[in-house]
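Protein chains: 2
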Amino acid sequence: MPVTAVALGPKPDPLLADAIARGGAASAPLEEAQGLVWAGDDPAHFPAVLPDSIRWVQLPSAGVEHWFAARVVQRHPDVVWTSAAGAFAATVAEHAFALLLAGVRALPGHLAATTWRQREFFDRVGTLRGSRVAIIGAGGIGRALIPMLASVGATVIAVNRSGRPVAGAAETLSADRVDEVFSRVDHVVVAAPATSETRHLIGRAQLAQLGSRSWVINVARGPLVDTEALVDALRDNAIGGAGLDVTDPEPLPDGHPLWTLPNAIITPHDSNPPSVRTAAFAEHVAENVRRFVAGEALTARIDPLAGY
Amino acid sequence: MPVTAVALGPKPDPLLADAIARGGAASAPLEEAQGLVWAGDDPAHFPAVLPDSIRWVQLPSAGVEHWFAARVVQRHPDVVWTSAAGAFAATVAEHAFALLLAGVRALPGHLAATTWRQREFFDRVGTLRGSRVAIIGAGGIGRALIPMLASVGATVIAVNRSGRPVAGAAETLSADRVDEVFSRVDHVVVAAPATSETRHLIGRAQLAQLGSRSWVINVARGPLVDTEALVDALRDNAIGGAGLDVTDPEPLPDGHPLWTLPNAIITPHDSNPPSVRTAAFAEHVAENVRRFVAGEALTARIDPLAGY
Chain A
3 MPVTAVALGP
13 KPDPLLADAI
23 ARGGAASAPL
33 EEAQGLVWAG
43 DDPAHFPAVL
53 PDSIRWVQLP
63 SAGVEHWFAA
73 RVVQRHPDVV
83 WTSAAGAFAA
93 TVAEHAFALL
103 LAGVRALPGH
113 LAATTWRQRE
123 FFDRVGTLRG
133 SRVAIIGAGG
143 IGRALIPMLA
153 SVGATVIAVN
163 RSGRPVAGAA
173 ETLSADRVDE
183 VFSRVDHVVV
193 AAPATSETRH
203 LIGRAQLAQL
213 GSRSWVINVA
223 RGPLVDTEAL
233 VDALRDNAIG
243 GAGLDVTDPE
253 PLPDGHPLWT
263 LPNAIITPHD
273 SNPPSVRTAA
283 FAEHVAENVR
293 RFVAGEALTA
303 RIDPLAGY
Chain B
3 MPVTAVALGP
13 KPDPLLADAI
23 ARGGAASAPL
33 EEAQGLVWAG
43 DDPAHFPAVL
53 PDSIRWVQLP
63 SAGVEHWFAA
73 RVVQRHPDVV
83 WTSAAGAFAA
93 TVAEHAFALL
103 LAGVRALPGH
113 LAATTWRQRE
123 FFDRVGTLRG
133 SRVAIIGAGG
143 IGRALIPMLA
153 SVGATVIAVN
163 RSGRPVAGAA
173 ETLSADRVDE
183 VFSRVDHVVV
193 AAPATSETRH
203 LIGRAQLAQL
213 GSRSWVINVA
223 RGPLVDTEAL
233 VDALRDNAIG
243 GAGLDVTDPE
253 PLPDGHPLWT
263 LPNAIITPHD
273 SNPPSVRTAA
283 FAEHVAENVR
293 RFVAGEALTA
303 RIDPLAGY
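Top to bottom, those sequences are chains A and B. Each residue of the first sequence is one higher than the last, beginning at 3 in our numbering. Each residue of the second sequence is one higher than the last, beginning at 3 in our numbering.
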């Protein structure tokens with residue numbers, strides 16, 4: 003069996019070179035390789051032309067809409083593309099969980115306080131125990147979140163495209179029934195891919211069905227939530243609060259009301275910081291190289307038609 | 003078999019009366035009862051004299067040092083006393099977990115920000131995945147915390163009095179070896195009872211062994227941490243931060259530096275708010291009444307000599 007060769011771009015990286023070796027492939031220049039591991043974030047720097055020998059490209063991010071917007075994926079229809087979906091699932095899920103717990107435990111209010119107001123907070127501190135949480139988009143992040151929620155006694159209603167039951171969820175709804183979920187849960191975590199169908203998945207009508215102690219967490223993409231409707235709900239205290247690692251617009255401009263609303267927690271798309279990301283991506287690369295060498299189905303394969 | 007009668011004080015409470023019934027006992031006035039469920043927080047209101055028929059008293063809090071300070075327990079050496087230790091374990095553990103996650107994910111800094119500073123936060127956001135957490139005092143709260151930490155991929159070193167292995171902990175140290183733990187862990191959660199032996203368990207020497215990204219969480223009693231040493235460590239950024247549901251002094255006075263240090267999260271002893279507490283205490287009462295009626299060993303029995 004000939005040795006499988008995998009190239010690495012846009013620049014050398016010892017951790018990723020090691021991952022390619024651990025996966026059982028040789029490192030090689032692009033012209034001599036069958037696979038390409040691309041660690042750069044900017045599609046503009048991607049090779050305009052790929053050698054015919056390249057059959058697989060591994061992209062470095064979980065969300066790949068910018069690779070579609072730049073038409074990089076579409077330009078190479080004969081290549082198998084994989085994203086890093088799943089590689090960062092656990093750390094992003096941990097971030098979502100931190101935002102939700104912080105909300106339920108009233109940490110924004112606590113951090114703003116400069117005097118001991120126990121009686122006020124007795125009415126504001128809640129618990130996830132016994133609560134119901136909707137996870138909209140039960141891909142890698144959503145599935146990684148389920149055992150975290152279970153550990154504090156919350157139950158999950160998952161929403162995914164197919165409605166096929168998600169392990170650990172009390173119930174799974176198909177995406178076309180997503181609007182049924184809001185009146186049935188205490189909190190909502192958005193972890194769905196950004197597509198034309200999921201834009202403003204959380205809008206005015208959906209927010210109106212949540213309770214005054216409900217938190218909305220978005221760790222997916224900003225446009226899945228209608229920002230204007232969300233700001234209104236937060237201003238009116240119609241919901242408990244929102245924890246957003248992604249915003250629309252993003253970056254969130256200075257002076258935007260979300261920066262100062264007392265029931266909003268904004269993190270600047272940092273749920274998966276480079277320090278954590280590099281190690282997780284290398285694990286993902288090693289596994290996909292192993293599968294590529296063995297001729298197995300690759301993990302996190304991109305669907306060129308669906309756009310994710 | 004004669005019906006066991008349990009009294010309820012200081013005032014009627016339908017939830018607790020129901021718990022007594024569910025436990026299999028009859029409700030009765032103090033003079034006719036063998037057990038007493040006491041739901042009042044102030045030892046000064048406890049009956050000065052108990053009828054000879056009373057063999058068991060259930061107190062309403064997990065920490066009972068104020069009942070010892072008022073000499074209530076010592077006045078009745080022939081009575082079996084039980085605390086509510088364990089009843090609130092899960093909700094207090096959830097609070098500790100929320101504080102730790104908020105710290106590791108840099109939520110205090112995020113909440114203070116009013117502009118998009120992704121690069122700054124990339125260096126500040128961490129993960130509990132792969133981290134080591136010391137739980138000092140592996141009673142009910144500490145044990146309830148272990149599966150929560152496991153769900154995000156952290157491992158636990160437990161410290162308890164006996165050193166007897168705690169289920170789910172990677173390692174258990176006996177209390178006399180507690181000083182070994184600080185250099186070996188990323189974060190510390192204090193959940194030990196307050197006794198003369200545990201005062202200033204976390205002092206200057208212990209804090210000095212922690213890292214610059216380490217968080218110290220205290221959900222037990224304020225005096226277990228040397229406040230002055232902690233403030234110095236926080237001011238110097240010698241540790242990552244502190245999440246305190248209990249303080250020394252408590253209440254924390256206005257103007258105290260802990261209110262405004264950017265790496266401190268103060269919650270005013272509200273990890274177990276009444277809304278959550280009442281339901282949890284009723285479950286505890288029902289179980290202990292059942293055991294009392296059946297002649298079984300009661301749960302959360304107080305040791306009059308140890309003081310907890």
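Among these hints, one or two may not hold up.
[As the list claims (entries may be wrong)] Which bits of chain A does chain B cover? Going by a derived footprint, with three or more residues having C-beta under 8 Å, they are:
1) 96-103
2) 112-120
3) 145-154
Since the hints were derived computationally from the structure, they do not count as laboratory data. No experiment lies behind these values; they were computed from the predicted model shown. Heads up, the beta-carbon is just placed ideally off N, CA and C, and yes, glycines get one too.
In rising order, the numbers of the hints this structure does not comply with: Checked against the structure, no hint fails, so every one of them is satisfied.
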